[in-house]
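Enquirer: Now for the letters of each chain:
Protein chains: 2
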Amino acid sequence: VRISELSERSGVSPASIKYYAREGLLPAGERTGYNQTDYTPAHLERLRLIRSLIDVGGLSVAATAAVLSAIDAPDLPLGEVLGVAQNALPQPITPPSAASVQRVVDLAAEHGWPAHTEHNPGVRIVASVLDGWAAVGREDLASTLPAYARAADVIAEADLDAVAHVVGDARAGAAQTVVVGTVLGDQLLAGLRRIAQQHAALKRYGTPPEGTTP
Amino acid sequence: VRISELSERSGVSPASIKYYAREGLLPAGERTGYNQTDYTPAHLERLRLIRSLIDVGGLSVAATAAVLSAIDAPDLPLGEVLGVAQNALPQPITPPSAASVQRVVDLAAEHGWPAHTEHNPGVRIVASVLDGWAAVGREDLASTLPAYARAADVIAEADLDAVAHVVGDARAGAAQTVVVGTVLGDQLLAGLRRIAQQHAALKRYGTPPEGTTP
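The listed protein sequences derive, respectively, from chains A and B. To convert a position in the first sequence, counted from 1, into this note's numbering, add 91. To convert a position in the second sequence, counted from 1, into this note's numbering, add 91.
FYI, nobody ran anything at the bench for these hints, they're computed from the structure. A virtual CB, placed ideally from N, CA and C, is assigned to each residue, including glycine. Take the hints with a grain of salt, since some may be wrong.
In silico EDC-like links for lysine to aspartate or glutamate, alpha-carbon gap of 16 Å or less [as the list claims (entries may be wrong)]:
| hint | chain 1 | residue 1 | chain 2 | residue 2 |
| --- | --- | --- | --- | --- |
| 1 | A | LYS109 | A | GLU121 |
| 2 | A | LYS294 | B | GLU121 |
| 3 | A | LYS294 | B | ASP252 |
| 4 | B | LYS294 | A | GLU121 |
Pair by pair, the computed Cβ-Cβ distance ranges are [as the list claims (entries may be wrong)]:
| hint | chain 1 | residue 1 | chain 2 | residue 2 | range |
| --- | --- | --- | --- | --- | --- |
| 5 | A | GLY228 | B | GLY228 | 42 to 52 Å |
| 6 | B | GLY102 | A | ALA255 | 19 to 29 Å |
| 7 | A | GLY228 | B | PRO105 | 37 to 47 Å |
| 8 | B | ALA200 | A | ASP163 | 38 to 48 Å |
| 9 | B | GLY228 | A | TYR110 | 48 to 58 Å |
| 10 | B | SER104 | A | ALA164 | 20 to 30 Å |
| 11 | B | HIS256 | A | ALA189 | 23 to 33 Å |
| 12 | A | GLU136 | B | ARG122 | 17 to 27 Å |
| 13 | B | LYS109 | A | ASP231 | 24 to 34 Å |
| 14 | B | TYR296 | A | GLU201 | 20 to 30 Å |
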């Protein structure tokens with residue numbers, strides 16, 4: 092199909108399609124004549140994946156390029172694909188303090204999580220949150236850490252179950268599951284947390300958060 | 092103190108300090124002479140809160156202004172502060188399909204969450220994730236929903252416990268806890284999830300995600 096039809100079917104503007112092709116996110120179409128390029132159903136599929144990662148997952152174009160490369164590399168072990176997907180989440184601009192990083196590594200050990208966590212991108216994110224709490228004098232929020240860690244365990248098991256289900260399939264499907272599951276999973280959790288908060292507030296105080304009701 | 096010292100102590104550039112003051116995130120300093128403005132410790136505290144919400148929490152300047160207004164409004168009920176904080180998370184540009192929104196409302200009812208969830212900002216986020224899965228043909232990822240919902244319950248209870256602990260305190264402290272807890276909690280969870288995934292992969296397959304280890 093021509094770029095106009097690809098644009099219509101995917102909801103992505105021709106300018107963005109060309110931009111994604113230039114940045115290597117989308118394979119180039121086949122030139123079939125003067126000022127005319129042909130695109131296939133594979134292009135449409137790829138465009139939908141790109142839009143999900145950017146628009147729903149909140150990834151930058153550069154991070155999207157990185158995770159797509161990991162999906163496309165047929166020999167990359169799934170564990171490494173997970174590492175790339177984990178790293179796609181934007182990190183705070185200011186690096187966390189060394190003390191907070193050490194505290195997260197200690198917390199992870201106490202919680203029964205493995206050694207060598209210090210290279211996990213999650214450690215820097217959690218350490219930045221601890222720094223953020225400290226900056227505003229709310230170290231008391233650390234009381235929520237055990238519950239958050241328990242919840243993270245539940246989610247991680249579900250994530251690995253989802254990947255295990257497609258391992259029988261082509262490796263490309265498993266790699267795509269790892270990327271889509273990791274990137275969209277953060278949003279899924281943020282969304283469900285808001286509904287659960289409303290429910291918990293209603294149960295406890297008898298009134299829902301007022302900004303969220305008609 | 093002068094703006095140069097405020098900048099040094101907060102790590103925020105004078106240009107950004109002036110920008111935050113213009114946008115109403117930071118109260119103006121007191122003019123004490125020609126081209127000289129005096130700032131107080133309250134300004135430093137507020138700047139640290141702004142940086143935590145923007146840099147660690149990933150909020151936009153506009154969303155930060157909204158949650159700060161909610162903290163500052165002394166008569167706003169805490170439930171409404173939670174609503175504002177819940178709404179600060181960026182939503183996908185494309186609205187979710189009506190079918191997915193309905194599906195999330197149904198899922199919430201099945202899970203025992205309240206009616207009237209359709210106005211909760213979490214519903215639109217979750218519905219967008221369902222749309223994202225469908226767009227790339229990965230509806231099978233819906234198998235993770237029950238575990239994610241259980242995890243969200245654990246977190247919501249911890250969130251409300253954290254607020255309950257400071258309710259005896261000044262209302263401003265409780266409002267700040269609601270905002271900081273809600274905004275930074277998403278990042279906290281995303282970070283812990285990555286460490287938990289590494290642990291779960293190690294336990295199951297004997298190898299950690301390779302991108303995350305030395």
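Enquirer: Confirm or reject each hint.
Expert: Quick rundown of the hints versus the structure:
no.	hint	in the structure
1	A:LYS109 - A:GLU121	13 Å, holds
2	A:LYS294 - B:GLU121	46 Å, violated
3	A:LYS294 - B:ASP252	13 Å, holds
4	B:LYS294 - A:GLU121	46 Å, violated
5	A:GLY228 - B:GLY228: 42 to 52 Å	48 Å, holds
6	B:GLY102 - A:ALA255: 19 to 29 Å	44 Å, violated
7	A:GLY228 - B:PRO105: 37 to 47 Å	24 Å, violated
8	B:ALA200 - A:ASP163: 38 to 48 Å	40 Å, holds
9	B:GLY228 - A:TYR110: 48 to 58 Å	24 Å, violated
10	B:SER104 - A:ALA164: 20 to 30 Å	40 Å, violated
11	B:HIS256 - A:ALA189: 23 to 33 Å	29 Å, holds
12	A:GLU136 - B:ARG122: 17 to 27 Å	60 Å, violated
13	B:LYS109 - A:ASP231: 24 to 34 Å	32 Å, holds
14	B:TYR296 - A:GLU201: 20 to 30 Å	24 Å, holds
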